[in-house]
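**Q** Each chain is listed here by its residues.
There are 2 protein chains.
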Amino acid sequence: MTSTIETILSHRSIRKFTDQAIDAAQLESIVQAGLAASSSSMLQVVSIIRVTDKEKRQRLAHLAGDQPYVASAAEFLVFCMDYQRHFTINPQVNPDFTELTLIGAVDCGIMAQNCLLAAESLGLGGVYIGGLRSSAQEVDELLNLPQHSAVLFGLCLGHPDQAPQLKPRLPAKVIVHENQYQPLNLDDINEYDKTMQAYYASRSSNQKQSSWSQEVTSKLAGECRPHIKGYLNGKGLAKR
Amino acid sequence: MTSTIETILSHRSIRKFTDQAIDAAQLESIVQAGLAASSSSMLQVVSIIRVTDKEKRQRLAHLAGDQPYVASAAEFLVFCMDYQRHFTINPQVNPDFTELTLIGAVDCGIMAQNCLLAAESLGLGGVYIGGLRSSAQEVDELLNLPQHSAVLFGLCLGHPDQAPQLKPRLPAKVIVHENQYQPLNLDDINEYDKTMQAYYASRSSNQKQSSWSQEVTSKLAGECRPHIKGYLNGKGLAKR
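So the protein sequences, as listed, match chains A and B. So for the first sequence, full-length UniProt numbering puts the first residue at 1; every next one is plus one. So for the second sequence, full-length UniProt numbering puts the first residue at 1; every next one is plus one.
Because the hints were derived from the structure by calculation, they are not lab data. Among these hints, one or two may not hold up.
If several chains are the same, the list does not tell them apart, and a pair holds so long as it fits within one copy or across any two.
Unchecked claim - Each computed DSSO-like pair below joins lysine-lysine, with the alpha-carbon atoms no more than 27 Å apart:
#	residue 1	residue 2
1	K54	K16
2	K56	K173
3	K173	K54
4	K229	K239
5	K229	K219
6	K239	K219
7	K219	K194
8	K219	K208
9	K173	K194
10	K173	K219
11	K56	K229
12	K208	K167
13	K167	K194
14	K16	K56
15	K219	K167
Using the sequences and the hints, build the whole thing.
**A** Okay, here's the thing in C-alpha cells:
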C-alpha cells in the first residue's frame with residue numbers, strides 16, 4: 001500500500017468547506033498535477049476556467065441546480081474541452097468529429113482527477129459538479145467560451161468541514177471482466193442494493209429509503225439532459 | 001509536496017516493459033483504486049475488460065494500429081462505458097442521450113487515472129491506448145461487448161524497461177483562465193513550440209524535426225476516426 005493508493009482509497013466527495021483559502025503554493029501544485037496528465041496524441045484539449053469572481057460563483061451555484069458549495073468552496077475550477085486553441089493556430093482545424101468529443105471528455109476526466117488527488121493528498125477535499133451541464137449554454141455564456149470549446153464539469157476544492165462515510169462501490173466482480181464481457185449476475189446487484197440501502201438509511205446527511213438499482217435506473221429511464229447534443233453541435237462539436 | 005503529487009508529476013508513458021508479471025496483490029490494489037473513483041450521480045457506468053488471453057492481446061495490438069506493447073505489457077485493461085448493466089436491471093433504461101456518452105467518457109477517464117496512478121506509485125508504468133478506437137467495431141466484437149456498452153480506450157501496465165524523459169506540457173498560462181475564457185496568446189505557443197522542437201529532436205526514441213503546433217494541427221485538419229459516431233449510434237448511444 002503506497003500513500004498514493006491510501007489517498008485514492010480514502011476519497012469521499014466533500015460538499016461542506018471551511019472559510020479557509022487554499023494557499024497559492026498548494027493551488028500551484030494542484031494545477032501542475034493537472035498539467036502532468038496524459039493527453040491523447042498530446043493534443044492537450046483541456047482548458048480550466050478558475051472562477052474567483054463571487055457573483056459568477058453564485059450564478060454558477062444556481063445554474064448547477066442550486067448546489068451552494070459551488071459558491072462556498074475555496075476554489076472552483078471549470079473543465080472545458082477546448083479545440084479553439086488548435087483552430088486559432090490553424091483555421092483548417094475542424095473539430096466536429098464525435099471522436100474528438102470523446103477525447104475531450106476522457107482527457108478532462110484524467111486531468112481533473114490528477115487535480116483532485118493532488119488536493120486530497122494535501123488534506124483538502126472536493127467534489128465534481130456535472131450539474132453545470134444542466135445549464136450548459138448559460139454557463140458557456142457566463143464564462144465567455146468561444147466556438148469549439150465546451151463546458152464539461154466543475155470541481156469544487158477546499159478545506160473539508162465534514163467527514164462523510166465512504167460510499168460503497170459496486171464490487172470488482174461486477175466491474176471487471178476477463179477476456180470478454182460477462183453478463184450481469186443479478187445476485188451481485190441484489191447484494192449491493194442491500195449494502196446501499198443500509199448506507200442510504202444511515203449516512204450522516206441526505207438519508208433516504210432507496211437502493212442503488214432504484215436510484216440509477218429511475219434516473220436513466222427518463223430524459224437525461226436532452227439539450228446536450230444541441231449544445232455541442234452549436235459549438236461545432238460532435239456533429240459527425 | 002506530497003508523495004501523491006510526486007507520483008503525478010513523475011508521469012511518463014511507458015511503452016517498453018520487462019517480462020515480469022504484476023503480482024496479484026498489486027493488481028488487486030490497482031483495481032480497488034479504480035473502484036474508489038468518483039462516479040457521476042453514482043451511476044457507475046464503467047466496465048473494465050482485463051485481457052489475459054495471448055491471442056486476443058496480439059489481435060488488439062494489431063487493431064490498435066500495431067502497438068506491440070499492447071501484447072507485451074504485463075496487464076492490459078480495456079475501459080468501456082457500460083449502460084447494459086442498467087438496462088439489464090431495468091429495460092426501461094434508454095441510454096441514447098449524448099449526455100450519457102459524455103458521462104461514460106469522463107468517468108472512464110477518472111477511473112483509469114486512479115488505476116494508472118496506483119500502478120505508478122507501486123513502481124509500475126503504463127500508457128493509454130486510444131488507438132483501440134481506430135478499430136472500435138472489431139475490438140467490440142473481440143470482447144463480445146453487448147448493446148449499450150462501448151469501448152473507449154485501453155491501459156497497458158507493467159514493469160518499466162525504459163526511462164523516457166518527461167514530455168513538456170503547455171504551460172499553466174495557456175491552460176488556466178480566470179473567470180472567463182482568455183483568447184490564446186500565440187507568443188506562448190511559439191515559445192512552447194521551441195521547447196517541443198528541442199524535445200522531439202533530442203528524445204531517446206522516435207526523434208523527429210517537428211513542433212507541437214505542426215503535430216497537432218495536421219492531425220486535426222484531417223478526418224479523425226469518422227466511424228466513431230456510427231459505432232456509438234450502432235450501440236444505441238449518443239443518438240440524441
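**Q** All the hints need checking, so say for each whether the structure fits it.
**A** Each hint, compared with the structure:
1. With identical chains, the CA atoms of K54 and K16 are at most 27 Å apart within one copy only, with a shortest distance of 17 Å there and 48 Å across copies.
2. In this assembly of identical chains, the alpha carbons of K56 and K173 lie at most 27 Å apart only when taken from different copies (21 Å versus 43 Å within one copy).
3. Taking CA atoms no more than 27 Å apart as the test, K173 paired with K54 passes between copies only; the shortest distance there is 22 Å, against 45 Å inside one copy.
4. Proximity of K229 and K239 under a CA criterion of 27 Å is satisfied in both settings, with 9 Å inside one chain copy and 9 Å between copies.
5. Taking the shortest alpha-carbon separations for K229 and K219, both the intra-copy value of 18 Å and the inter-copy value of 24 Å come in at or below 27 Å.
6. In this assembly of identical chains, the alpha carbons of K239 and K219 lie at most 27 Å apart whether taken from the same copy (26 Å) or from different copies (18 Å).
7. Taking the shortest Cα distances, K219 and K194 sit within 27 Å of each other inside one copy (19 Å), while across copies they are farther apart (49 Å).
8. Within a single copy, K219 and K208 get their C-alpha atoms as close as 16 Å, which meets the 27 Å cut-off; across copies the closest is 50 Å, which misses it.
9. Taking the shortest alpha-carbon separations for K173 and K194, only the intra-copy value of 16 Å comes in at or below 27 Å, while the best inter-copy value is 48 Å.
10. With identical chains, the CA atoms of K173 and K219 are at most 27 Å apart within one copy only, with a shortest distance of 24 Å there and 39 Å across copies.
11. In the homo-oligomer, the alpha carbons of K56 and K229 lie at most 27 Å apart inside one protomer (25 Å), although the nearest pairing across protomers, at 35 Å, exceeds that limit.
12. For a Cα distance limit of 27 Å, the shortest separation of K208 from K167 inside one copy, 14 Å, qualifies, whereas the shortest one across copies, 48 Å, does not.
13. Proximity of K167 and K194 under a CA criterion of 27 Å is satisfied intra-copy only: 13 Å inside one chain copy versus 47 Å between copies.
14. Taking the shortest alpha-carbon separations for K16 and K56, only the intra-copy value of 19 Å comes in at or below 27 Å, while the best inter-copy value is 47 Å.
15. For a Cα distance limit of 27 Å, the shortest separation of K219 from K167 inside one copy, 19 Å, qualifies, whereas the shortest one across copies, 42 Å, does not.
Comparing the model with each earlier hint shows no violations; every hint is respected.
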